[in-house]
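Line by line, the protein sequences are chains A and B. Following my numbering, the numbering of the first sequence begins with 174 at its first residue and continues without gaps. Following my numbering, the numbering of the second sequence begins with 174 at its first residue and continues without gaps.
Please note that the accuracy of each hint is not assured.
Since the list can't tell identical chains apart, any single copy or any two copies may satisfy a pair.
[What the hints assert, rightly or not] As a list, the in silico DMTMM-like pairs of lysine to aspartate or glutamate whose alpha-carbon atoms are at most 25 Å apart:
id, residue 1, residue 2
1, 201, 308
2, 442, 366
3, 442, 308
4, 201, 263
5, 201, 280
6, 201, 426
In short, the hints are calculated from the structure, not lab data.
There are 2 protein chains.
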Amino acid sequence: MITEDVRTMQEKPPEALVRVACLQFEPKIGQKEANIARSVARIEAAAAGGARLIVLPELCNSGYVFNERAEAHDLAEELPAGPSCAAWIEVAHRLGLHIVAGIAERDGAALYNSAAVIGPEGFLGTYRKNHLWGEENLFFEPGDLGIPVWRTPLGRIAVAICYDGWFPETYRLAALQGAEILCVPTNWVPMPEQPVNLPVMANILAMSGAHSNGMFVAAADRVGNERGQPFLGCSLIVDSTGWPLAGPASATEEQVLMVDLNLADARRKRALNTFNHPLRDRRTDMYGEMLGSDARRSWY
Amino acid sequence: MITEDVRTMQEKPPEALVRVACLQFEPKIGQKEANIARSVARIEAAAAGGARLIVLPELCNSGYVFNERAEAHDLAEELPAGPSCAAWIEVAHRLGLHIVAGIAERDGAALYNSAAVIGPEGFLGTYRKNHLWGEENLFFEPGDLGIPVWRTPLGRIAVAICYDGWFPETYRLAALQGAEILCVPTNWVPMPEQPVNLPVMANILAMSGAHSNGMFVAAADRVGNERGQPFLGCSLIVDSTGWPLAGPASATEEQVLMVDLNLADARRKRALNTFNHPLRDRRTDMYGEMLGSDARRSWY
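Produce the complete structure using the sequences and hints provided.
Here it is in structure tokens:
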């Protein structure tokens, strides 16, 4: 089932709005050709609905739960030459889209849990997941490209993947480099002791990261159960104020979240009052080296 | 009205438990003697209920909304010599308590929005709010004591005050220095656009900070409306998993939150699985200087 949640901010000038879509769907492990076709069909549908920036889940071309490294290796592809990325480049060019899509990347013998960042005129670059979760550590190298920010005609885009969002440093480094929106391809898994009356922790972290940095967050999760691993759904598009604009999506069903964002608001509305601004109020005179480097590594 | 929310983790060995209390109450601006008496009465009641670590709101001896600097100056006092701190030292000694209490501090001509940290054997030290909110900037100096961590027989205690909790750096620096619990005297004010069906943003930030660092958070807010400024209530004690253990308290009424914590869990349970640990997984090889210093200040 695919449903739509479209909200238009009527008070904004139309030329400043970007319709952002998060495509929550269920890739099938190993069925790479079918996953690519499925993703392209969903991209075309979102574009027909007016979406111009489209976020797809983590590892949406390969599936997530690999049995062994060889399986991940066989499913991974070089960027941007491989067939998944080529298909996304074609549809982005044909329909005038920006796409951020999770992909199993191979670079020589090294595998990365990556996202391809694509614009209407072609491939823009790669994000490689910096914080690997669980058995991903057996298959992938940790990201080695930092947290790039892409300047696009739509606005400034940064990318994080799943467990990256557990680290406030991810949001901070994106915002400090000017990102207006953090696009999050993800395969969220359940966290222990989730209360039924509260948002899932993945959503809480996204809201917190958006609020503390005055930055939009658009997270596209997958659904389904793969080789015994359940995924969380609950895709979410968060305002730069930290409050949800669309979602959380279903925990179990495929769903499209769409909302019109004025990405400039991430900069225009960042000040909280006459005195306060969440980035400028940082006490960089006091934080010291412990936050950013191993120079003063703690003993935790 | 004072109510109690006591939850005992029965499965833990009793010697490892610390009963923590957050005393949500309503200080009255300028009524310093009455505020001190009120705070001591509430401390005694919490101690009679078994509390051993007690957190009081921000500026709980003075009130919050000063008309001018001179008013703040007249209400502030030196630490630990002043009458508020002396009263808390006395009750901590008499009843064998640790107390973290928000106080208007004067050091020479400089004023600080501070917290007194007190143990059964006397004054332990001062925390000075590092991130000043709104018109506090007209009255107080920004904190100049960093984020100290106190080693106590109960466990390792760090302190943050209100807007400090908007900065993930606060939680991170406390946790990286070994804090097991972050005590938060606060005077939370409403954030714009709060949806009715979600926790207040202050609670979301506390849950996120606890989860991302595997550290308990105990926040004692005030209630009431002072010179037109409403306060939020919703005091909260958060597990090191990030989930609430007690609260949120009432948005309008005085209330005591109490819960038994095994503070060692902040260290014992920090690992999320075989591979992942929220502090050790930090990519300090990649974050660089932007996070912690002005050395590579961004242009935001």
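| said: Checking each numbered hint in turn, tell me which of them this model violates, lowest number first. | reply: The structure conflicts with no hint, since it agrees with every one listed earlier.
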